[in-house]
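*Asks:* Residue numbers (this note's numbering), protein chains in the order written: chain A, 19 to 235; chain B, 19 to 235.
Hints are computed from structural coordinates only; laboratory data are not their basis.
Some clues are possibly wrong.
Since copy identity is lost for identical chains, a pair holds within one copy or between any two.
Said to hold, decoys possible - Straight-line alpha carbon distances no greater than 27 Å define the calculated BS3-like cross-link-like pairs of lysine-lysine that follow:
| no. | residue 1 | residue 2 |
| --- | --- | --- |
| 1 | K216 | K198 |
| 2 | K222 | K198 |
| 3 | K216 | K38 |
| 4 | K198 | K227 |
| 5 | K38 | K222 |
| 6 | K38 | K198 |
There are 2 protein chains.
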Amino acid sequence: MNPVPGSQILDHLRWRYATKRFDPTRRIPDADWAALEEALILTPSSYGLQPWKFLVITRQDTKESLVAPAYNQRQVADCSHLLVFAVRREMTEADADRLIDFTAETRGIDRQHLSGYRNVMVGDIVTGARSREATHWAQLQSYIALGNFMTCAALMGIDTCPMEGFMAPAFDEALDLAEKGLTTSVLCPAGYRDESDKYAALPKVRYPKADLIEHLP
Amino acid sequence: MNPVPGSQILDHLRWRYATKRFDPTRRIPDADWAALEEALILTPSSYGLQPWKFLVITRQDTKESLVAPAYNQRQVADCSHLLVFAVRREMTEADADRLIDFTAETRGIDRQHLSGYRNVMVGDIVTGARSREATHWAQLQSYIALGNFMTCAALMGIDTCPMEGFMAPAFDEALDLAEKGLTTSVLCPAGYRDESDKYAALPKVRYPKADLIEHLP
Chain A
19 MNPVPGSQIL DHLRWRYATK RFDPTRRIPD ADWAALEEAL ILTPSSYGLQ PWKFLVITRQ
79 DTKESLVAPA YNQRQVADCS HLLVFAVRRE MTEADADRLI DFTAETRGID RQHLSGYRNV
139 MVGDIVTGAR SREATHWAQL QSYIALGNFM TCAALMGIDT CPMEGFMAPA FDEALDLAEK
199 GLTTSVLCPA GYRDESDKYA ALPKVRYPKA DLIEHLP
Chain B
19 MNPVPGSQIL DHLRWRYATK RFDPTRRIPD ADWAALEEAL ILTPSSYGLQ PWKFLVITRQ
79 DTKESLVAPA YNQRQVADCS HLLVFAVRRE MTEADADRLI DFTAETRGID RQHLSGYRNV
139 MVGDIVTGAR SREATHWAQL QSYIALGNFM TCAALMGIDT CPMEGFMAPA FDEALDLAEK
199 GLTTSVLCPA GYRDESDKYA ALPKVRYPKA DLIEHLP
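Isolated chain A (complex conformation):
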């Protein structure tokens, strides 16, 4: 497999910025979007539990209806594809069983061989200490997906804007998430920067490397 040079990756990460104004006339080609969906699916998650659902909204009126609950940030409507990261509110034994069954089937192994794996998972996220913060745990996983998504998009020359500023209850209601045991974790409009977006040209603000990276002895 052909590695992508670090310098090429960095060029794209420097090009990326939180897009404030999308060009509402440009649409991400279907093939590119399909690749991004596949990248989302390939995101790693804790225990492989994939406690998420990725909602994709392209219809203009639906996007417009979500501008108000996103504190009137126009990116939600002007983007090409609005991506909503939804996560599980809690994790149950049934979730663990589903993963075990699916793993056994995918890998052609006996379910019994996975009982230790199941026990650790259940004792942690379903009945253990972290079960009380299962939504938080699921939200963390969705941020791995967010990081993966934004990097892949940047590499493909597609703009994104990560957004935590929205009313989650309003999104949950508009998207019928509560009844599915889901809640809105984070948003990421994707598309192409508008030429008029002055933020594109501003220098990136990052603290000095010495403050962010420490090499331990």
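Chain B: place on chain A using the hints.
*Replies:* Then chain B, alone, in the frame of chain A:
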């Protein structure tokens, strides 16, 4: 700028897996690691606050000392570079001021023009509703960095293993994090898979696309 084709990205994401056994004799070249550090620094974060520190450990005895608090998972010692994502325990007005000052300096603008931005940030993370969960918020940001890091590494042909299974208090103590106002969020050993790692060849377990992605009307 030359976009990376989606198909090439997906080849690398399919090649990636949570490496169970690293080849302890192989080291990531300095130039590659430097690019990965730069990629970490370029990770986007909420408000641009960068509430993190990335600790890099390559010394064998230091890595070995962290195997026990990582529940004896050998990846911590057998990897080339052990990356520890540390995050801020809380966010203060001083943190907001630091970002405002640094932004004004970097972009050559007057600090006064950023007062609205400062107020929103402080009213949210420092004194507002989310200040009570500032550690959680900071941890979320670190998972964006984790996702970005693993994807960049995979593109460069470097293996990783995201790890939530470790005793955070023991890591905090060993790395002197508490006194710096930091706590351990997540670990990610990086290096090269060992030829004997049978997990490398196992089919990836991902739920069907129809269960993970939903296109809204």
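*Asks:* Against each hint, give a clear statement of whether it holds in the structure.
*Replies:* Outcome of the hint check:
When the C-alpha separation of K216 and K198 is checked against a cutoff of 27 Å, the pair qualifies neither within a copy, at 40 Å, nor between copies, at 37 Å. In the homo-oligomer, the alpha carbons of K222 and K198 lie at most 27 Å apart only across protomers (26 Å), although the nearest pairing inside one protomer, at 39 Å, exceeds that limit. Within a single copy, K216 and K38 get their C-alpha atoms as close as 9 Å, which meets the 27 Å cut-off; across copies the closest is 45 Å, which misses it. Within a single copy, K198 and K227 get their C-alpha atoms only as close as 43 Å, which misses the 27 Å cut-off; across copies the closest is 17 Å, which meets it.
Proximity of K38 and K222 under a CA criterion of 27 Å is satisfied intra-copy only: 14 Å inside one chain copy versus 36 Å between copies. When the C-alpha separation of K38 and K198 is checked against a cutoff of 27 Å, the pair qualifies neither within a copy, at 31 Å, nor between copies, at 34 Å.
Hint compliance for this structure: hints 1, 6 are not met, and every other hint is.
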